[in-house]
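With the hints as constraints, model all of the structure from the sequences given.
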Amino acid sequence: MTAEVLTPVTDLVTTPTRRRGLRGVGVIGYISAGVIAFALVLAIVGPFIRPYDPNLINFSYANVGPIAGHPLGFDGQGRDLLSRLMVGARTCVLGAMFVALLSIFIGTSLAVITAWFGGKTDTSISGVLDVVFAFPGILLAIVAAAVFGPSLLSAGLALAIAYSPYIARVLRGAAIKERAQAYIAAMEVQGFGVWRLCARHLVPNISSLIVAQGTILFGYAMVDLAAISFLGLGVQSPTADWGVMISEGKIGLLQGYPLESFSAVLCIVIVVSAVSFLGERLSERSKQGRS
Amino acid sequence: MLQFVLRRLAMLVATLVAASFVIYGALYLAPGSPIATLTGGRTPPPEVLLALETRYHLNEPFLVRYWLWLKAAVSGDLGESIPLHEPVATLIGERVGVTASLVLLTSLIILFVGIGLGIIGGLRRGGVDNAVLLSSTISAALPSFAAAVVLQFVVGVKLGWLPVLGTGTGFSDSVKHLILPAIALASTSVALVTRVTRSAVMEEMGKEHVQTALSRGLPYPGLIRRHVLRNAAIPITTVAGLTIASLIALAAIVETAFGLNGLGAYLVQAAMNKDFAVVQGISLVLVAAFVITNVVIDILYAVLDPRVQLGSRAQ
Amino acid sequence: MTSLLQVRDLTVQLKIGADLREVLTTVNLEIAAGEAMGLVGESGSGKSMTAKAIARLLPDGATVSGSITFDGVDVLALSGADLRAHRAQVAVVFQDPRAHINPVRRIDDFMGESLRILSDVSKEEASRRAADALEEVGIDNPAKRLRQYPHELSGGMLQRVMIATALLSEPRLLLADECTTALDVTTQAEVMAIMDELRRDRGLSMLFITHDLELAGAVCDRTCVMYAGQVVETRAASVLHGDPLHPYSAALVDARPDINSTADRLLAIPGRPLSAFEAPSGCRFAPRCGYSTDDCTSHEQEWLELAGGQVRCGRAAELRGTLRGGAHV
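Note that the protein sequences, when read in sequence, are chains U, Z and P.
Residue numbers for the first sequence follow this note's numbering, beginning at 1 and rising by one.
Residue numbers for the second sequence follow this note's numbering, beginning at 1 and rising by one.
Residue numbers for the third sequence follow this note's numbering, beginning at 1 and rising by one.
Each hint should be verified, as a subset may be incorrect.
To be verified - If you want the footprint, here are the derived chain Z segments under chain U, 3+ residues with CB under 8 Å:
#	region
1	146-156
2	277-287
Said to hold, decoys possible - Over 10 Å on every C-beta distance to chain Z, these chain U residues come out as not near it, computed from the model:
#	residue
3	L22
4	G46
5	A62
6	P66
7	L101
8	L102
9	W116
10	I176
11	K177
12	Y183
13	M187
14	G193
15	V194
What the hints assert, rightly or not - Estimated spans, in silico, between C-beta atoms of each pair:
#	chain 1	residue 1	chain 2	residue 2	range
16	P	A18	Z	L6	55 to 61 Å
17	U	L153	P	D60	53 to 59 Å
18	Z	L63	U	I44	44 to 50 Å
19	P	S67	U	Q181	53 to 59 Å
Everything labelled a hint here was simulated from the structure, so no lab data went into it.
Predicted model only: the values in this text are computed from it and were never measured.
The beta-carbon is built from N, C-alpha and C at its ideal position, and this holds for glycine as well.
Shown next as C-alpha cells:
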C-alpha cells in the first residue's frame with residue numbers, strides 16, 4: 001500500500017528485562033539500602049551491644065547533655081540516651097517489618113485468590129475489602145488498643161489489617177494480567193494444580209511489584225507504629241522505643257531540652273527517608289519492567 | 001450522572017452499616033465488663049446490678065444490642081459514657097469543632113501550598129523546580145508527630161511566636177492555637193500533593209493536545225489554564241482528596257501532641273480509659289467522615305473526567 | 001508565481017540527553033500561494049521536523065540555522081504575539097487526532113477555541129461556524145457532535161473534526177502531517193478527498209506530508225523527496241513518478257506494486273533508512289544506491305537544477321531515464 005513496505009523495522013526500544021536485587025536504583029538507592037541494612041542490624045543486636053542499661057534511672061542526670069562516656073547525654077529521667085536509641089530500634093524497625101510482611105502476605109493472598117477465581121469470590125472479597133478501606137490505619141489501631149489493651153502487638157495487627165486492602169488492590173491488577181497469560185492456561189490444561197501454578201509462576205512473576213510495595217509499606221508502617229507509640233497506645237513505657245522517646249522527651253523539650261525527642265525524630269526520619277526513597281525507586285523499576 | 005451518584009450513595013450507606021457493625025462488634029468482644037468499670041471493681045448488690053444491666057441493655061443478645069445502638073445512633077443518640085455519665089453525642093459535639101477547624105485549616109494549606117508549589121515546579125525548569133523538589137523531599141520525610149515536636153521547640157519554645165499547647169479561647173486565640181498543629185499535620189501531605197501536582201503538570205505539558213493548542217497560536221496563560229491545568233486537575237483532585245480524607249484520622253496524633261481538645265485526642269483518651277461508648281461513637285463519626293469524603297472525591301473525579309464510565313468505579 | 005513560504009538551508013539539531021543530534025541538513029523548500037507541495041520520505045527522514053520548524057513547534061533546546069520566510073516575514077525571528085499570529089496563519093493537521101485533541105473538552109469547545117479567543121467571536125457565533133464546518137467535512141448531525149467529547153467519536157470522524165477546525169481559523173498554509181495514516185483505507189480516501197476539495201475551494205497552500213509517493217502525486221502540484229534529513233529531489237508531482245531524477249526517488253517508485261503489471265517481486269531498497277545524524281559524508285544515499293561511485297561518497301552533492309526540478313545527485317543528468325526498475329546493489 002505504501003512506501004513503508006520497504007522500511008525494515010528498526011526497533012530502537014530495547015526489550016525490558018526483569019531486574020532483580022538492587023540493580024538500577026542509583027547511588028542514593030544503594031545508600032538507602034545501606035541505611036536500612038544498618039537499622040536492621042541495630043534492631044537485632046542493639047540490645048546486646050548498648051553501652052548502658054537503657055532503663056537505669058538517675059534523676060541527678062536528668063536532661064544532662066553529652067559528657068565523657070555518654071556521647072548523647074541523658075533523657076528526662078537520667079537514662080543514657082544512646083543506649084535507649086540503640087535498644088529503641090528493635091520495636092520500631094522489627095515491628096514495622098512484621099507489619100509490612102504480614103500485610104504483604106494477606107494482601108498478596110487476597111489478590112491472587114480474587115484474580116484466580118474471579119466472579120463471585122472476587123466480588124465478595126472486594127466487598128469485604130471496601131469495608132476495611134473505611135478504617136484508616138491509625139483509627140483501627142486506636143480501636144484495637146481499646147479492645148485488647150495498648151501494646152505493640154495489637155497496634156501491629158491493626159495496621160497490617162488496615163494496609164492489606166491497599167496491597168490487594170494494587171496487586172490484583174497485576175495478578176489478573178498474569179493470570180490471563182497463555183502459559184498459565186496451557187499449564188492448567190496440562191493438569192498442573194492451582195497451588196503450584198500460583199506459588200511457582202504467578203506470584204514469582206509479580207514479585208518485583210510485591211517487593212516494591214512491601215518496601216513502601218515498611219516506611220508507612222514505621223511512621224504509623226511510631227505515631228501510635230507516641231500516642232501511648234503502642235509500645236509501653238519504660239521500654240525504649242523511638243516513638244515513646246519522642247513523646248516522653250516532650251516534657252524536656254518544652255523546658256528547652258530537645259535532645260531526647262530530637263534524637264529519636266532524627267532516627268525515624270533517616271530510616272523512613274531511606275525506606276521511602278528505595279521503595280519509590282523499586283516501584284519505578286517494576287513499572288518500567290512491565291510497560 | 002444522577003444514577004452514578006445514587007449508586008455511590010447506596011454503596012456509602014452499605015459500607016457505613018458494615019463499618020458500624022465492625023466497630024460495635026469489636027468493642028463487644030473486648031475483655032472486661034462495663035459493670036466493673038461502673039462500680040469500680042466492687043460487686044454491687046443484685047438489684048443494682050439488674051438495674052444497671054437493664055439501663056444499658058447489658059443482658060440482651062448481641063444483635064439486639066447492636067440494632068438498638070445503631071437505631072439510636074442514626075437519630076443522633078450515641079449512648080452514654082459510662083465513667084462520665086454524659087451523653088456521647090454531647091461529648092462529641094463539644095470537640096468536633098476543634099477537629100473540623102484543624103482539618104479545614106490543614107486542607108487549605110495542602111491545597112494552596114501543595115498545588116501552588118507543584119504547578120510552579122511543573123512549569124518551570126531548573127532552579128525553581130529543584131527548590132520545590134528539595135523542600136518537598138524534606139517535608140515528606142517528616143511525620144506529623146515529628147514535625148509537631150520540631151515546631152513546638154523552634155517556633156514555640158525558642159522563638160516564642162505561637163502557643164504550643166491547648167485549644168485557646170475566643171476566635172483569634174483559637175486560630176493561633178491551630179496554626180502550628182495545622183502545619184505539623186500538613187507536612188507529609190503537602191509534599192505528596194506537591195509531587196503529584198508537579199508530575200501531573202509536567203506530564204500534561206508533554207501531551208500532543210497541548211502542542212495542538214500551541215500550534216493554533218493561543219496565548220500562553222490561557223493555554224496553560226485551559227489545557228494543562230484543567231487536565232492535570234483530574235489526578236490532582238484525586239490525590240489531594242485522598243490526602244485530606246486521611247487527615248481525619250491523623251488529626252488524633254497532632255491533637256494529642258499539641259494538647260488540643262479535639263475528637264481524635266479524646267478518642268485516644270477514651271481508648272486508654274476503656275470508655276467504650278465514646279470509642280464507638282467517635283470511631284463511627286470519623287469513619288463516616290472518611291467514607292463520605294471518599295465518595296465526594298469519586299463524584300468529583302467523574303465530573304472532571306468525561307472519559308470515566310459512570311457505571312464503573314473510579315480508581 | 002511568488003512564493004508564500006520559503007525555506008532556505010534549514011538545518012536543525014535536537015537536544016537528545018546531553019548531545020545535539022542533527023535531524024535536518026540544509027533543507028530547501030518553496031511553496032507558492034495556492035500550491036500543494038508533497039513531502040515524501042521514509043520514517044525518520046525529517047518530514048515532520050520540517051513541518052514543526054515551519055510552525056515553530058520544535059522541542060525546547062533545538063538549534064536552528066538557515067531561514068524560513070512566510071509571506072515576507074522571517075519566521076525564525078518571531079516571538080510573543082507575532083509568533084502566535086504566525087502560528088494562527090499556519091494550521092496543522094496532525095497524524096493522531098485522538099492524542100491531539102484535548103480529551104476533557106467538548107468538540108464545540110475545541111473547534112471554537114481560537115475563534116473565541118483570537119478573533120473575539122461570540123460563543124454562539126463560534127458554535128454556528130463550527131457546525132457549518134462540520135457539515136462541510138461531511139459529518140451528519142453537527143449539533144449533536146458538538147456536544148460530544150472526543151472519546152465518543154471514531155478516529156475518522158475526529159480527523160474530519162481536526163480538518164474542519166484547521167480551516168475554521170482561515171489559515172493561509174495547511175501543514176498536513178501524515179493526516180490519514182492512522183485511518184483505515186476507506187476512511188483515508190474519503191478524508192483525503194474532502195481535504196483536497198476544501199483546500200482547492202479556498203485557494204489554500206498546503207504542505208502534505210506522507211510516505212506514500214502516489215498519494216502525494218494525486219493531491220499535490222509538486223513533490224519533495226526527503227532522505228536522511230535532506231531534500232534529495234523536488235519535481236512536479238505529475239512527472240516524478242514517470243521520470244524520477246534521484247536514484248532514491250526511483251527506488252521509492254519501484255518499491256510500490258504497480259496495478260497494471262504483475263511484477264515477479266517488489267524491488268525493495270537494501271539497507272535501512274538513516275537519520276541525518278548517522279548519515280555518512282558525501283551523498284547520504286550512496287551506501288544503498290546501485291549507481292554510486294567513489295565520487296559520490298567523497299563529495300557532498302550539489303543542489304542542481306534539472307528538467308524543471310531540483311535534485312541532489314551529481315549523476316542525475318547522466319542517469320536520467322535509466323533509473324526505473326533499477327539496478328540496486
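> Is 53 to 59 Å a correct range for the gap between the Cβ atoms of S67 (chain P) and Q181 (chain U)?
Replying inline: Given range 53 to 59 Å: holds, Cβ gap about 55 Å.
> Is the nearest CB of chain Z more than 10 Å from the CB of A62 (chain U)?
Replying inline: holds, 17 Å
> Since K177 (chain U) was said not to touch the interface, does its Cβ keep a gap of more than 10 Å from each Cβ of chain Z?
Replying inline: The claim stands: K177 (chain U) keeps its Cβ more than 10 Å from every Cβ of chain Z (closest is about 15 Å).
> Was V194 (chain U) rightly flagged as not at the interface, with every chain Z Cβ beyond 10 Å?
Replying inline: holds, 27 Å
>> Taking 8 Å as the Cβ threshold, is the statement that the region 277-287 of chain Z is covered by chain U upheld or broken by the three-residue rule?
In response: holds (count 4)
> For M187 (chain U), which was marked as not at the interface, is the minimum beta-carbon distance to chain Z over 10 Å?
Replying inline: Per Cβ check, M187 (chain U) is outside 10 Å of chain Z; nearest 30 Å; holds.
>> Does the beta carbon distance between A18 (chain P) and L6 (chain Z) stay inside 55 to 61 Å, or does it fall outside?
In response: holds, 56 Å
> Against chain Z, does W116 (chain U) keep a CB gap of more than 10 Å to every residue?
Replying inline: Non-interface label stands for W116 (chain U): nearest chain Z Cβ at 21 Å, farther than 10 Å.
>> The output says G46 (chain U) does not contact chain Z. Does that hold with a beta carbon cutoff of 10 Å?
In response: holds, 21 Å
> Would you say L22 (chain U) is clear of chain Z, with no C-beta pair closer than or equal to 10 Å?
Replying inline: holds, 21 Å
> Does the no-contact call for L102 (chain U) survive, Cβ to all of chain Z over 10 Å?
Replying inline: holds, 18 Å
> Within the region 146-156 of chain Z, is the number of residues with a Cβ closer than 8 Å to a Cβ of chain U three or more?
Replying inline: holds (count 6)
Consistency with the previously given hints is maintained throughout, with no hint failing.
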